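J.: This is what each chain is made of:
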Amino acid sequence: MRLRVDDTSCMGHGRCYQMAPDLLTYDDEGYVTIRGETIEVPADQVEAAEDAAGTCPEQAISLIP
Amino acid sequence: MTETAGHFETVEREAAGCPVMHRDFAPQQAAGCHWQLADELREASPVFFNTFAQGYWVFTRHDAVRDIYKTPELFSSESITPWQPDPIYRFVPTQIDAPDHIKYRRIVNPWFSPRAVDAAGPRMRALCRRLVEEVAPAGGCDFVSGFALRFPTEAFLSVAGIDPADADLFVPWVEDFFGGFSGDPAGLEPMAKALDGIREYWVAALAERRREAEPREGDLASHLLHSTFDDRPLTDAELLDMLTVLVLAGLDTTRATLGYLFQHLAVHPDQRRRLIDEPELIPTAVEEALRFYTIVFGDGRKVTRDAEFHGVQLRKGDMVYALVSGANRDPRAYERADEFVIDRQRNHHMGFANGPHRCLGMHLARRELQLAVQEWLRVIPDFRIADGAELSERGGGAMMSLTRLPLAWEVGS
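Here the protein sequences come in this chain order: Y and G.
At position 10 of the first sequence (counting the first as 1) the number is 9 in numbering that gives the first Met the number 0, and the numbers step up by one without a gap.
At position 265 of the second sequence (counting the first as 1) the number is 264 in numbering that gives the first Met the number 0, and the numbers step up by one without a gap.
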């Protein structure tokens with residue numbers, strides 16, 4: 000699975016890195032560091048990634064099987 | 000909660016398929032009535048036209064509220080109060096649209112980032128602990144004046160590099176300012192005086208810092224003096240507008256959420272016990288409080304051009320009211336929407352709004368709410384609403400907020 004954060008939708012709510020602290024982290028302004036990027040999700044982080052995507056108030060996170 | 004019976008007597012006629020009402024949302028009501036009203040409106044119609052004041056559209060459901068937040072090019076923040084299309088105040092960056100909005104936000108975002116909140120965490124915990132330990136031996140207090148007004152104020156001032164003792168000045172100013180939204184014209188003069196007081200405080204603070212060559216460590220006003228916007232320093236008007244809105248937004252909101260969260264915990268001992276046994280659920284419970292007890296009844300916006308939106312024809316200059324409090328309880332968007340689910344997962348609530356204007360202080364507010372629950376339950380694990388207390392809440396004109404919350408508890412030896 001891959002996880003993508005849409006650059007323009009992400010507003011830095013910070014829910015994703017709260018839900019998936021071992022996968023995602025924040026920058027100096029509170030945005031997730033991988034805005035506009037796609038990352039590979041390790042097998043043991045799939046559930047956390049799904050939690051992060053389901054929690055984003057902006058629906059900025061998409062999961063690609 | 001019988002006061003809301005008969006709400007739809009105000010719905011006088013149907014115009015172009017859109018129900019019309021004439022309703023002042025501002026007055027004080029019995030506690031909880033605003034959410035009940037938002038629920039009723041949401042289930043009755045996705046949109047109303049309210050003929051109150053100059054008239055404005057009311058959108059009640061999650062999808063439209065979300066679209067209003069996420070379409071700032073159509074919905075300007077120039078006014079955020081639907082019955083005040085031309086307000087006497089100007090909040091920066093709250094009422095600034097693109098392209099300037101993000102430039103202001105970039106100046107203040109780092110100050111309220113998770114990293115900054117982490118750094119302030121131990122200081123805030125100490126402030127919180129001292130307040131809880133002060134009230135604990137009394138066996139009861141008005142939670143609002145005894146704790147909820149004090150803690151966020153002291154925490155904010157501490158984060159901004161201001162002496163927390165100045166909370167004594169800020170608390171009444173913030174009370175008077177938000178009193179001005181009550182719909183009662185008598186509230187407007189105290190509102191204006193409070194604004195003057197806050198601005199004069201910052202004028203003096205800025206004058207003291209202006210002569211200094213280097214920014215003061217951990218001092219927000221000094222940081223702003225040394226910040227630039229498009230390679231120029233911020234103007235005096237910008238500095239004052241920014242500092243003033245930070246005070247108003249930072250102090251009243253957390254206070255209001257604290258009130259409802261602790262009212263909830265007071266009447267749900269099973270859930271309180273669960274948070275003591277499973278403290279890892281405290282952040283989840285805080286998010287659920289932000290969803291279920293959303294203190295912003297609705298968010299106003301001003302329409303920038305003629306457009307069709309969710310089935311109605313909007314005209315340039317129209318005001319819209321996005322009922323976020325009801326949207327966060329919309330069963331179309333949330334399972335068990337009408338329940339406080341203390342371990343709710345994937346809670347994509349809009350309690351801090353949505354889109355580019357999402358709450359700047361959200362990371363700070365969350366931390367304050369979590370600290371308050373942790374420290375309170377550590378010292379006062381069992382508490383209840385004092386016998387005979389009748390709870391009322393300030394109106395939906397600004398933020399809903401319990402005017403008082405008398406709590407009682409047994410004092411151990």
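Hints were generated in silico from the structure; no laboratory data involved.
Careful: at least some of the hints might be erroneous.
Said to hold, decoys possible - Within a straight-line C-alpha distance of at most 25 Å, the following computed SDA-like cross-link-like pairs (lysine to any residue) qualify:
id: 1; chain 1: G; residue 1: Lys69; chain 2: Y; residue 2: Val40
id: 2; chain 1: G; residue 1: Lys69; chain 2: G; residue 2: Arg105
id: 3; chain 1: G; residue 1: Lys315; chain 2: G; residue 2: Arg105
id: 4; chain 1: G; residue 1: Lys69; chain 2: Y; residue 2: Ser8
id: 5; chain 1: G; residue 1: Lys69; chain 2: Y; residue 2: Ser61
id: 6; chain 1: G; residue 1: Lys102; chain 2: Y; residue 2: Ala42
id: 7; chain 1: G; residue 1: Lys192; chain 2: G; residue 2: Thr402
id: 8; chain 1: G; residue 1: Lys102; chain 2: G; residue 2: Phe228
What the hints assert, rightly or not - Here are some of the chain Y residues that sit facing chain G, going by a computed Cβ distance under 10 Å:
id: 9; residue: Arg1
id: 10; residue: Asp21
id: 11; residue: Asp26
id: 12; residue: Glu36
id: 13; residue: Thr37
id: 14; residue: Glu49
As the structure is a computational prediction, the values presented were derived from the model and not from experiment.
Glycine included, every Cβ here is placed at the ideal spot set by N, Cα and C.
J.: Evaluate each hint against the coordinates.
T.: Verification of the supplied hints:
no.	hint	in the structure
1	G:Lys69 - Y:Val40	violated (28 Å)
2	G:Lys69 - G:Arg105	holds (19 Å)
3	G:Lys315 - G:Arg105	violated (30 Å)
4	G:Lys69 - Y:Ser8	holds (9 Å)
5	G:Lys69 - Y:Ser61	holds (18 Å)
6	G:Lys102 - Y:Ala42	violated (39 Å)
7	G:Lys192 - G:Thr402	holds (21 Å)
8	G:Lys102 - G:Phe228	holds (7 Å)
9	Arg1	violated (19 Å)
10	Asp21	violated (15 Å)
11	Asp26	holds (8 Å)
12	Glu36	violated (19 Å)
13	Thr37	violated (21 Å)
14	Glu49	holds (8 Å)
In the structure shown, a violation is registered for the earlier hints numbered 1, 3, 6, 9, 10, 12, 13, in ascending order.
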